[in-house]
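Peer 1: Go ahead and model the full structure; you've got the sequences and the hints to work with.
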Amino acid sequence: MDGLINLLALVLIGFIVWWFWLARSQGVQAKQEAIDVIVDGGVYTPAIIEVSRGHTVVLNFIRRDASPCAERVIFAELGVSAELPLAGSKQVALKLDDEGEFEFTCQMGMYRGKLIVK
Amino acid sequence: MNKANVIKLSVGGMSCAGCVAAVEDSLKAVAGVEQASVNFVEHTADVTGSMTAASLIDAVVAAGYEAAELKGTDEETDEKQAAELIYYRQLLKKAVVAAVVGAPLFLMGLLGAMPAMSGGGRLFWFFVAVLSLFVLIYSGGRFFSGAWKSFRNHNANMDTLIALGTGTAWIYSVLIVLVPTLVPEQAQHVYFEAAVIIIALINLGSALEMRARGKTSEAIKRLIGLQPKTARVVRNGQEVDVPIEQVGLDETLRLRPGEKIAVDGVVIEGHSSVDEAMLTGEPMPVAKQVGDELAAGTINKSGTVLFRATRIGKDTALARIIEMVRQAQNSKPAIGRLADRIAALFVPTVLIIAVLTFLAWFNFGPEPRVAYVLVTTMTVLIIACPCALGLATPISIMVGVGKAAEYGVLIRNGEALQRAGQLTTVVLDKTGTVTEGRPAVTELVALDGDQQRLLQLAASLEAGSEHPLAEAIIAAARERHLELQLVQNFSAIAGHGVQGEVNGQRLLLGNEKLMSEQQVDVSTGLDQAQRLAGQAQTPVFVAVDGVYLGIIAVADPIKVDSKLAIERLQRAGLKVVMLTGDNRATAEAVARQVGVDEVLAEVLPGDKSDKVAELQSRGEVVAMVGDGINDAPALARADVGFAIGSGTDVAIESADITLMRGSLHGVVDAIEISKAAVRNIKQNLFGAFIYNSLGIPVAAGLLFPFTGLLLNPVIAGAAMAMSSLTVVSNANRLRWFEPKGKR
Numbered sequence: 001m002d003g004l005i006n007l008l009a010l011v012l013i014g015f016i017v018w019w020f021w022l023a024r025s026q027g028v029q030a031k032q033e034a035i036d037v038i039v040d041g042g043v044y045t046p047a048i049i050e051v052s053r054g055h056t057v058v059l060n061f062i063r064r065d066a067s068p069c070a071e072r073v074i075f076a077e078l079g080v081s082a083e084l085p086l087a088g089s090k091q092v093a094l095k096l097d098d099e100g101e102f103e104f105t106c107q108m109g110m111y112r113g114k115l116i117v118k
Numbered sequence: 119m120n121k122a123n124v125i126k127l128s129v130g131g132m133s134c135a136g137c138v139a140a141v142e143d144s145l146k147a148v149a150g151v152e153q154a155s156v157n158f159v160e161h162t163a164d165v166t167g168s169m170t171a172a173s174l175i176d177a178v179v180a181a182g183y184e185a186a187e188l189k190g191t192d193e194e195t196d197e198k199q200a201a202e203l204i205y206y207r208q209l210l211k212k213a214v215v216a217a218v219v220g221a222p223l224f225l226m227g228l229l230g231a232m233p234a235m236s237g238g239g240r241l242f243w244f245f246v247a248v249l250s251l252f253v254l255i256y257s258g259g260r261f262f263s264g265a266w267k268s269f270r271n272h273n274a275n276m277d278t279l280i281a282l283g284t285g286t287a288w289i290y291s292v293l294i295v296l297v298p299t300l301v302p303e304q305a306q307h308v309y310f311e312a313a314v315i316i317i318a319l320i321n322l323g324s325a326l327e328m329r330a331r332g333k334t335s336e337a338i339k340r341l342i343g344l345q346p347k348t349a350r351v352v353r354n355g356q357e358v359d360v361p362i363e364q365v366g367l368d369e370t371l372r373l374r375p376g377e378k379i380a381v382d383g384v385v386i387e388g389h390s391s392v393d394e395a396m397l398t399g400e401p402m403p404v405a406k407q408v409g410d411e412l413a414a415g416t417i418n419k420s421g422t423v424l425f426r427a428t429r430i431g432k433d434t435a436l437a438r439i440i441e442m443v444r445q446a447q448n449s450k451p452a453i454g455r456l457a458d459r460i461a462a463l464f465v466p467t468v469l470i471i472a473v474l475t476f477l478a479w480f481n482f483g484p485e486p487r488v489a490y491v492l493v494t495t496m497t498v499l500i501i502a503c504p505c506a507l508g509l510a511t512p513i514s515i516m517v518g519v520g521k522a523a524e525y526g527v528l529i530r531n532g533e534a535l536q537r538a539g540q541l542t543t544v545v546l547d548k549t550g551t552v553t554e555g556r557p558a559v560t561e562l563v564a565l566d567g568d569q570q571r572l573l574q575l576a577a578s579l580e581a582g583s584e585h586p587l588a589e590a591i592i593a594a595a596r597e598r599h600l601e602l603q604l605v606q607n608f609s610a611i612a613g614h615g616v617q618g619e620v621n622g623q624r625l626l627l628g629n630e631k632l633m634s635e636q637q638v639d640v641s642t643g644l645d646q647a648q649r650l651a652g653q654a655q656t657p658v659f660v661a662v663d664g665v666y667l668g669i670i671a672v673a674d675p676i677k678v679d680s681k682l683a684i685e686r687l688q689r690a691g692l693k694v695v696m697l698t699g700d701n702r703a704t705a706e707a708v709a710r711q712v713g714v715d716e717v718l719a720e721v722l723p724g725d726k727s728d729k730v731a732e733l734q735s736r737g738e739v740v741a742m743v744g745d746g747i748n749d750a751p752a753l754a755r756a757d758v759g760f761a762i763g764s765g766t767d768v769a770i771e772s773a774d775i776t777l778m779r780g781s782l783h784g785v786v787d788a789i790e791i792s793k794a795a796v797r798n799i800k801q802n803l804f805g806a807f808i809y810n811s812l813g814i815p816v817a818a819g820l821l822f823p824f825t826g827l828l829l830n831p832v833i834a835g836a837a838m839a840m841s842s843l844t845v846v847s848n849a850n851r852l853r854w855f856e857p858k859g860k861r
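Top line first, the protein sequences correspond to chains A and B. Using this note's numbering, the first residue of the first sequence is number 1, and each one after it goes up by one. Using this note's numbering, the first residue of the second sequence is number 119, and each one after it goes up by one.
Be a bit skeptical, because a hint or two may be false.
SDA-like mimics (lysine to any residue), calculated; alpha carbons at most 20 angstroms apart, straight line [claimed, not checked]:
1) A:Lys90 with B:Asp433
2) B:Lys333 with A:Ala66
3) A:Lys90 with B:Ala200
4) B:Lys198 with A:Ile38
5) B:Lys729 with B:Ala754
6) A:Lys90 with B:Arg438
7) A:Lys95 with B:Gln445
8) B:Lys333 with A:Leu86
9) B:Lys378 with B:Arg426
10) A:Lys90 with B:Val138
11) B:Lys378 with B:Glu524
12) B:Lys211 with A:Val58
13) B:Lys126 with A:Val58
14) B:Lys378 with B:Asn354
15) B:Lys146 with B:Gly366
Examples of chain A residues toward chain B, derived with CB under 8 angstroms [stated by the list, open to error]:
16) Ala23
17) Gly41
18) Pro85
19) Gly100
20) Gln107
21) Arg112
Everything labelled a hint here was simulated from the structure, so no lab data went into it. Positions of the beta carbon are idealized from the N, C-alpha and C atoms, including for glycine.
Peer 2: Structural data, given as structure tokens:
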């Protein structure tokens, strides 16, 4: 019995590593120039957005979470940030000329999303 | 006169450029619309004309899109404050409900009055299980739903930790109530009160943190509060008070004594003095007459004037300052990057530590193992606080940037704020930075005694130049009512002077170097030139057809507070260097008066950035202070570029920091505020790191083998709730910061 519990705990550690770090959720490809991002319950939905290089993409952040953590979105590497009105939306227009991955987060870094420019 | 009403709409549902045309057409079809333009990138439309917002929204909706009116910044803030107040009350209510259930149970536990897990006691615990489930759903529901949503997105956050900690405690307790024999008798302890009180404490902590965070954005609120709500507009010869959003471009506005200025404009009639302290930090009122610019948010002191609106809505200097401060407040400096990287890995790492804690107590812990396993694992989950770590940097940046704005210092981003605290050398451009930048002719030395001709020829030639010295010479000629003559073949020789032809004569005007290069013998004027330069006046040589004609002395008065500000810089341990294209003798005369440590004179405009680079190569961290236009390359090269603005001009792109008033005190203020903010960030980061790196091992029971003590999960919940509150409160201390030294 003890051995089984030990084994289960080790499997759980493996699962945590795999689920939170190794397994990537499917991104949403921004085929249009504009895409809605819902800010609610501690996550951006979609959290991974693929866009094409050289295009201007408009992310329309719709904030449903009243928690103050959700009130700002920051694209630290791009030097862009926006205040998100509660129960409203805010457009962030980005022209992405370089390929790469650019994270967007809340002020505390708990809400996390990623723009993948290809 | 047209009533130029401008309405800005947010337009939704546009997916292609074709939609832009469709929306524009629908707007233009509305009666009264003169102009409509749709911005696809921003999803907004600007409409000018005499119409209502409702008619425009109807038209856009009829065309198959969505629209809403975008209002001024103060309304946005009112809405935000109202929403925050509602949320604050909700959090308090949830905290109180949880505390009402949890506190009696907690007290019973402390007094040893808990009913046993048998007979009527079990019934009591059934009731408590249901009641605490209700509390977990009502007061803690957001943690559970947040944790689940995060999990589905392969993300973990604070909600995950709280939900797992309290959820495990509740499930374990329910199992004990349902099947007490599952664990040995001494482990038959339930943790309903811990789960409920932790939820109460975290809700209370969030509410208090929210209050404290509200104070961190006071600087922005103060700026927004400067915007008046109405303006007195002159329409059809009548003066009417209208809401500020209805003021159109080029409209004429009446400004009476004591009134706040509604929009940016230019005085067209009357004169007055205006208090601009709220934007520039400049305490003295500024005189305004016809042709002078007025800035929204500043206060008219004495006179009554008419002015024409030149910038309205989000284009006013005030609105742009607000936007710039907001952007800067949301940016992150390098110092916070490590915390960011750790925050990203933090929660899954804590989950792993929790499992390892479980394994350690399960395999090596004393009996009742299961109780120890539960308490330690739950405490690890509860005590870990990623929020304090994530908040440490941005919250101090927010307060620091806001504080700087109060002193008329606009910091572009967190990076600039951090670097400004590390400076070792400050390079000051002379003209317009140390001096007023308004040179005037102080003496005319004509070899043939004809001062009028000397000035007339020089002014005619300088009419083609944009150099500040040229302005002084032309102004002097105008004062003497001298007629300027036509100049031909004009050319400027950068950093040296100008040349051209007037009345068929070849004129040369500039410094001694230019004269010797052009083989003009100025030996007869050198004594005079040296005397003038020694008095901090710039001697400008004039030659006609290769023959020396005389000297025009131009002096630029030193700003009254430059000397004091330079002393403050030196007291702060900084080396002060003055950089100028002026001749060495004049530069040194100015340097003596203001007391700088080093003078770099006769530097050509293009070489200024090389001089900055030279100082950097000596290991100095260099700030360059200049006017932001002529000095753009040097500002960009410097570690921190300071642009000295004139009044409320904030359109200075090349600078890291913009000083809205001309005084050099702004440089010292910015540096001192930066140092204080960086110190504050370090305290916050240190506190958050120490909290987590001590708290988690203690929660895991590291002290137990030595002291027999374990951390109570309720205490862990209180510590967690306090940790982010402490970070926010520490950042709030910056609000009371005042720069040192007499200003």
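Peer 1: All hints, please: hold or fail.
Peer 2: Evaluated hints:
Proximity of Lys90 (chain A) to Asp433 (chain B) is assessed by CA-CA distance (about 19 angstroms); at most 20 angstroms being required, the pair is judged to hold. In summary, the hint linking Lys333 (chain B) to Ala66 (chain A) is supported, as the alpha carbons are separated by about 18 angstroms, within the 20 angstroms threshold. Between the alpha carbons of Lys90 (chain A) and Ala200 (chain B) the distance comes to roughly 18 angstroms, so the proposed pair stays at or under 20 angstroms and holds. As the CA atoms of Lys198 (chain B) and Ile38 (chain A) are separated by approximately 18 angstroms, the hinted pair is consistent with the 20 angstroms bound.
At roughly 13 angstroms between alpha-carbon atoms, Lys729 (chain B) and Ala754 (chain B) fall within 20 angstroms of each other, so this suggested pair holds. The suggested pairing of Lys90 (chain A) with Arg438 (chain B) holds, with an alpha-carbon distance near 18 angstroms, which does not exceed 20 angstroms. Annotation: proposed proximity of Lys95 (chain A) to Gln445 (chain B) holds, straight-line Cα distance about 18 angstroms (limit 20 angstroms). Simply put, Lys333 (chain B) and Leu86 (chain A) have alpha-carbon atoms about 19 angstroms apart, close enough for the 20 angstroms limit, and the pair holds.
For the hint linking Lys378 (chain B) to Arg426 (chain B), the alpha-carbon distance of about 15 angstroms falls within 20 angstroms, and the restraint holds. A C-alpha spacing of about 19 angstroms is found between Lys90 (chain A) and Val138 (chain B), which places the hinted pair at or below 20 angstroms, so the restraint holds. Of the supplied pair hints, the one linking Lys378 (chain B) and Glu524 (chain B) holds, its CA atoms being roughly 18 angstroms apart against a limit of 20 angstroms. Taken as a hint, the Lys211 (chain B) and Val58 (chain A) pair is broken in the structure, with Cα atoms around 38 angstroms apart against an allowance of 20 angstroms.
Annotation: proposed proximity of Lys126 (chain B) to Val58 (chain A) holds, straight-line Cα distance about 19 angstroms (limit 20 angstroms). Proposed proximity of Lys378 (chain B) and Asn354 (chain B) is contradicted: the alpha carbons are some 23 angstroms apart, above 20 angstroms. With a C-alpha separation of about 18 angstroms, the suggested pair Lys146 (chain B) and Gly366 (chain B) falls inside the 20 angstroms cut-off, and the hint holds. Annotation: interface hint on Ala23 (chain A) holds; nearest CB of chain B at approximately 6 angstroms, less than 8 angstroms.
Hint on Gly41 (chain A) holds. Least Cβ distance to chain B is approximately 4 angstroms, under the 8 angstroms limit. The interface hint given for Pro85 (chain A) holds, since its Cβ lies 7 angstroms from the closest Cβ of chain B, which is under the 8 angstroms cut-off. Of the supplied interface hints, the one on Gly100 (chain A) is violated, with its beta-carbon coming no nearer than about 16 angstroms to a beta-carbon of chain B, more than 8 angstroms. For Gln107 (chain A), the suggested interface contact is upheld, since its CB lies about 4 angstroms from the closest CB of chain B, less than 8 angstroms.
For Arg112 (chain A), the suggested interface contact is upheld, since its CB lies about 6 angstroms from the closest CB of chain B, less than 8 angstroms.
Hint compliance for this structure: hints 12, 14 and 19 are broken, all remaining hints hold.
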